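Please arrange chain E on chain A, whose structure you already have, making use of the hints.
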Amino acid sequence: MADELTPDELLDKIDYGTDSGNWLDTTKSVQIRPGMYCYAAKAESVETLGLPNARSWNPTEEDWKLPDNWQQIIHDGIKERLEKFRTFKIFMDVCVRCGACADKCHFFLGTGDPKNMPVLRAELLRSIYRNDFTTAGKILQKIPGGQRLGGNRPLTLDVLKEMWYYFFQCTECRRCSVFCPYGIDTAEITIMARELFNLLGLNIDWIATPVSNCYTTGNHLGIQPHAFKDMLEFFVEDIEDITGVDCTPQFQKKGADILFVTPSGDVFADPGTYTCQGYLILFKYLKDKYGLDVTWSTYASEGGNFGFFTSHETMKRLNAKMYYEAKRLGVKWILGGECGHMWRVIHQYMDTMNGPADFLEVPVNPITGTKFHNAASTKMVHITEFTADLIKHGKLELDKSRNANRIMTFHDSCNPARGMGLLDEPRYVINNVCDNFYEMPPNTIRENTFCCGSGAGLNAGENMELRMAGALPRATALKHVHEKYGVNTLGTICAIDRAALSTLCEYWVPEVEVAGIHELVGNALILPGEKERTEDLRMEPLPGCEEEE
Amino acid sequence: MTQKYLIPLTAVFLLFLVAYAGAGAGLGWFFGIVFPYLAVIAFLVGFVIKVMGWARSAVPFRIPTTCGQQKSLPWIKQNRIDNPDTASGVFIRMLLEIFLFRSLFRNTKAAFNRNASNRITYSWEIFLWVAALAFHYAFLVVLLRHFRFFTSPVPSCVQFLEALDGIVQLGLPGLFLSGVVLPAAVLFLLARRLFDQKVRYISQGSDFFPLFLILGIAVTGIFMRYFTKVDIVAIKEMTMGLVTLSPTIPDGVANLFYAHLFLVSILFAYFPASKLMHLGGVFLSPTRNMANNTRAKRHVNPWNYDVPIHTYEQYEDHFRDKMIEAGLPVEKKE
Numbered sequence: 001m002a003d004e005l006t007p008d009e010l011l012d013k014i015d016y017g018t019d020s021g022n023w024l025d026t027t028k029s030v031q032i033r034p035g036m037y038c039y040a041a042k043a044e045s046v047e048t049l050g051l052p053n054a055r056s057w058n059p060t061e062e063d064w065k066l067p068d069n070w071q072q073i074i075h076d077g078i079k080e081r082l083e084k085f086r087t088f089k090i091f092m093d094v095c096v097r098c099g100a101c102a103d104k105c106h107f108f109l110g111t112g113d114p115k116n117m118p119v120l121r122a123e124l125l126r127s128i129y130r131n132d133f134t135t136a137g138k139i140l141q142k143i144p145g146g147q148r149l150g151g152n153r154p155l156t157l158d159v160l161k162e163m164w165y166y167f168f169q170c171t172e173c174r175r176c177s178v179f180c181p182y183g184i185d186t187a188e189i190t191i192m193a194r195e196l197f198n199l200l201g202l203n204i205d206w207i208a209t210p211v212s213n214c215y216t217t218g219n220h221l222g223i224q225p226h227a228f229k230d231m232l233e234f235f236v237e238d239i240e241d242i243t244g245v246d247c248t249p250q251f252q253k254k255g256a257d258i259l260f261v262t263p264s265g266d267v268f269a270d271p272g273t274y275t276c277q278g279y280l281i282l283f284k285y286l287k288d289k290y291g292l293d294v295t296w297s298t299y300a301s302e303g304g305n306f307g308f309f310t311s312h313e314t315m316k317r318l319n320a321k322m323y324y325e326a327k328r329l330g331v332k333w334i335l336g337g338e339c340g341h342m343w344r345v346i347h348q349y350m351d352t353m354n355g356p357a358d359f360l361e362v363p364v365n366p367i368t369g370t371k372f373h374n375a376a377s378t379k380m381v382h383i384t385e386f387t388a389d390l391i392k393h394g395k396l397e398l399d400k401s402r403n404a405n406r407i408m409t410f411h412d413s414c415n416p417a418r419g420m421g422l423l424d425e426p427r428y429v430i431n432n433v434c435d436n437f438y439e440m441p442p443n444t445i446r447e448n449t450f451c452c453g454s455g456a457g458l459n460a461g462e463n464m465e466l467r468m469a470g471a472l473p474r475a476t477a478l479k480h481v482h483e484k485y486g487v488n489t490l491g492t493i494c495a496i497d498r499a500a501l502s503t504l505c506e507y508w509v510p511e512v513e514v515a516g517i518h519e520l521v522g523n524a525l526i527l528p529g530e531k532e533r534t535e536d537l538r539m540e541p542l543p544g545c546e547e548e549e
Numbered sequence: 550m551t552q553k554y555l556i557p558l559t560a561v562f563l564l565f566l567v568a569y570a571g572a573g574a575g576l577g578w579f580f581g582i583v584f585p586y587l588a589v590i591a592f593l594v595g596f597v598i599k600v601m602g603w604a605r606s607a608v609p610f611r612i613p614t615t616c617g618q619q620k621s622l623p624w625i626k627q628n629r630i631d632n633p634d635t636a637s638g639v640f641i642r643m644l645l646e647i648f649l650f651r652s653l654f655r656n657t658k659a660a661f662n663r664n665a666s667n668r669i670t671y672s673w674e675i676f677l678w679v680a681a682l683a684f685h686y687a688f689l690v691v692l693l694r695h696f697r698f699f700t701s702p703v704p705s706c707v708q709f710l711e712a713l714d715g716i717v718q719l720g721l722p723g724l725f726l727s728g729v730v731l732p733a734a735v736l737f738l739l740a741r742r743l744f745d746q747k748v749r750y751i752s753q754g755s756d757f758f759p760l761f762l763i764l765g766i767a768v769t770g771i772f773m774r775y776f777t778k779v780d781i782v783a784i785k786e787m788t789m790g791l792v793t794l795s796p797t798i799p800d801g802v803a804n805l806f807y808a809h810l811f812l813v814s815i816l817f818a819y820f821p822a823s824k825l826m827h828l829g830g831v832f833l834s835p836t837r838n839m840a841n842n843t844r845a846k847r848h849v850n851p852w853n854y855d856v857p858i859h860t861y862e863q864y865e866d867h868f869r870d871k872m873i874e875a876g877l878p879v880e881k882k883e
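Protein sequence lines correspond, in order, to chains A and E.
Heads up: the first sequence begins at 1 in the working numbering, then just goes up one per residue.
Heads up: the second sequence begins at 550 in the working numbering, then just goes up one per residue.
It should be emphasised that the hints constitute simulated quantities derived from the structure, not laboratory data.
Please note that the accuracy of each hint is not assured.
[Claimed, not checked] Pairs of lysine to aspartate or glutamate, EDC-like flavour, derived with a Cα cap of 16 Å:
1. A:K287 with A:E397
2. E:K871 with E:E883
3. A:K289 with A:D246
4. E:K871 with A:E439
5. A:K531 with A:E313
6. A:K531 with A:E397
7. E:K747 with E:E674
8. E:K846 with A:E61
9. A:K327 with E:E880
10. A:K253 with E:E880
11. E:K881 with E:D866
12. A:K531 with A:E83
13. E:K882 with E:D870
14. A:K531 with A:D358
15. E:K882 with E:E865
16. E:K599 with A:E240
17. A:K371 with A:D257
18. E:K846 with A:D15
19. A:K332 with A:D257
20. A:K254 with E:E883
21. E:K658 with A:D15
22. A:K531 with A:D399
23. A:K327 with E:E862
24. E:K881 with E:D855
25. A:K84 with A:E313
26. E:K747 with A:D15
27. A:K161 with A:E61
28. A:K253 with E:E883
In this text, all values refer to a predicted model and were calculated from it rather than measured experimentally.
Bound-form chain A, shown alone:
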């Protein structure tokens, strides 16, 4: 990337003192700047899904090739969503602009751009809402200067471009919502805004192409069934080299106990692949010791759901495969891998959209007898809930010393943290598979956790400046524990995190590596019949084995 800035250059740009202009003026902000936006969706990806206005376009060009009646489309789209979503209607009406959310957004903290204050991001859309949908707005329109008083403005092309720019600078992390006295959730507003953009074919390619791949091939990366199998078998070979045990998984096995679904990022890219090896080791262990029958599926081979960043309908279309496949295979329930927004979709939307899952059983861990009451309707359990339960009941033989070189901290992924409250389960697992664990400062973990800066489909290569700026709050907290406790590994339970945080570390805290929690489990778990291990899953010497190398 030609426009890549060094960390120092990026830090020099930060200034929380906002400019004094009126934000209602768009001229400055619609200069869509390289490094801060993602490339436009390719026409073919939009076409595959049958979404409107598929064409080739470029955000930096003057002409966005919109349909003639684009303003009417947006107007009607807003109207429809006001009726369909009480959240949207209330959030458009009740904000008092108290500013409590202003300095909560990682993009604001990393860029100092005042339009990245959550309140203002939402105001971009509210200004249109007030103008077109409220009595006060309609009256103020008629008074000279009235629009500026009420903060309403008509939807012009510049306003649309500005909204597009800033709503694709929101990772839907919900941190602002925690502090809002009315619970206004900017993520929800961003979701609505992105739905509106999709009515005009204004998505970004890093979302549209994975969605189209996921729809036809089963996963974001478009890995075809035979290739998916190959990739897992490649891991199996590695694991056999390390442990001497063959962990070959099953695919599409009818009548298996559990269907396992994980984000395809775990299959595709380091360090997610090590987490994936951890799953394989865990399932092999459970199969050999307790006869638990887990199957993977190449059809439902994606946990992540970029439909969530497109529209509720697209989210539903992609999510449907999990239940569809579970029913076809006749499994008892579904287990989900380490993923962020996948779990927000599963937790908050899945049963409502694609349920009832009455062909499945209420999840029971057959090994411990624990009934997962919290998943009684969805019939889908998070793997850290599952593993924590196994550990608590003493069902796993673990050798913590194999992770002795890992001085850990844990990054709560936004979606599981603020969308479901999955906080203690991963910590419990970490504490049982390794000895050195230190928390980052309290303002940056659990419900206060900071986004990796690349969520909600912004994990592209072309918007690196935006991503690294957004990653700054996470990075400074990480740097703190790195310097204070010597933390060298950042644990996380999200596939986007594993990719994004690795880039973040490389940029801001190069001494720290990123690892999924089940990578650590895979290292610590003593497989029946295994040879003496001298390497971890990264094929690096285990602590104490360095000399033998």
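Here is chain E on its own, set in the frame of chain A:
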């Protein structure tokens, strides 16, 4: 920028003048009777329309913001208030939110220092919470105290509240705490909007107007009580006339009172069309008023509809040869 607050300030001042001069010119019946009735009607009708409008919109998905540990395994301690899975937990969460502004209490302030360590630091920022709480409670007390003008005999609870509010005995008439706290809090909130760069940037004319209006109401009220000593008996006769729907305009009602009443009427009429509706909205906010039990209990979306999906059959048709070659199970062999 200056127009954002100068225009609302001027507007409030003009409204005051209009009523003050209008009452002096013999239009007391308009400011004392017609407008208050219209304002109350506008308030009630507007409030109901707004809340009904919200209630009419669907809540398709259960999307609470969770601020603590979920209910999961029996040995993991759930945060029952910040991550409630039952109606009672939600009720407590809402009580804390509505009466104590719990989310605002969490507020932190971020600072960044460009130096060797380049830290972003976070400090607890309590002043907005304190001012907001002081403002709302002082306002509530003032509002309730005014019931002595609308009731005869005055209920003992109103008298008690008045006694409590005047517990600090200073001068004559006794000083009301709310009369000090309310303007002080309004001035703090105003100062934030003017001097905190971030808050100034996000503020609109519609943020300044209610602050100036409430300040105007408070100042006129305080002036009448402590300085110009208006004819309370005449005023009570008039307010009782309003609530008993037999309005009269007694002699001796000060013009300042008409101005005070007019500003109050403006506030009432303005309320439903403005951000002040957060009073109603806070109860209905779906991220706070729902239990986090979507995986445990089924929740129905009233407008759920079928969507096209790429079925397994289509998938297998597309990839069958490759699947067979790779040894993956298929439904149909050819």
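Verification of the supplied hints:
| no. | hint | in the structure |
| --- | --- | --- |
| 1 | A:K287 with A:E397 | holds (14 Å) |
| 2 | E:K871 with E:E883 | holds (11 Å) |
| 3 | A:K289 with A:D246 | holds (14 Å) |
| 4 | E:K871 with A:E439 | violated (47 Å) |
| 5 | A:K531 with A:E313 | violated (49 Å) |
| 6 | A:K531 with A:E397 | holds (15 Å) |
| 7 | E:K747 with E:E674 | holds (15 Å) |
| 8 | E:K846 with A:E61 | violated (48 Å) |
| 9 | A:K327 with E:E880 | holds (14 Å) |
| 10 | A:K253 with E:E880 | holds (11 Å) |
| 11 | E:K881 with E:D866 | holds (9 Å) |
| 12 | A:K531 with A:E83 | violated (62 Å) |
| 13 | E:K882 with E:D870 | holds (9 Å) |
| 14 | A:K531 with A:D358 | violated (43 Å) |
| 15 | E:K882 with E:E865 | holds (10 Å) |
| 16 | E:K599 with A:E240 | violated (65 Å) |
| 17 | A:K371 with A:D257 | holds (15 Å) |
| 18 | E:K846 with A:D15 | violated (46 Å) |
| 19 | A:K332 with A:D257 | holds (5 Å) |
| 20 | A:K254 with E:E883 | violated (19 Å) |
| 21 | E:K658 with A:D15 | holds (15 Å) |
| 22 | A:K531 with A:D399 | holds (14 Å) |
| 23 | A:K327 with E:E862 | holds (13 Å) |
| 24 | E:K881 with E:D855 | violated (27 Å) |
| 25 | A:K84 with A:E313 | holds (13 Å) |
| 26 | E:K747 with A:D15 | holds (11 Å) |
| 27 | A:K161 with A:E61 | holds (11 Å) |
| 28 | A:K253 with E:E883 | violated (19 Å) |
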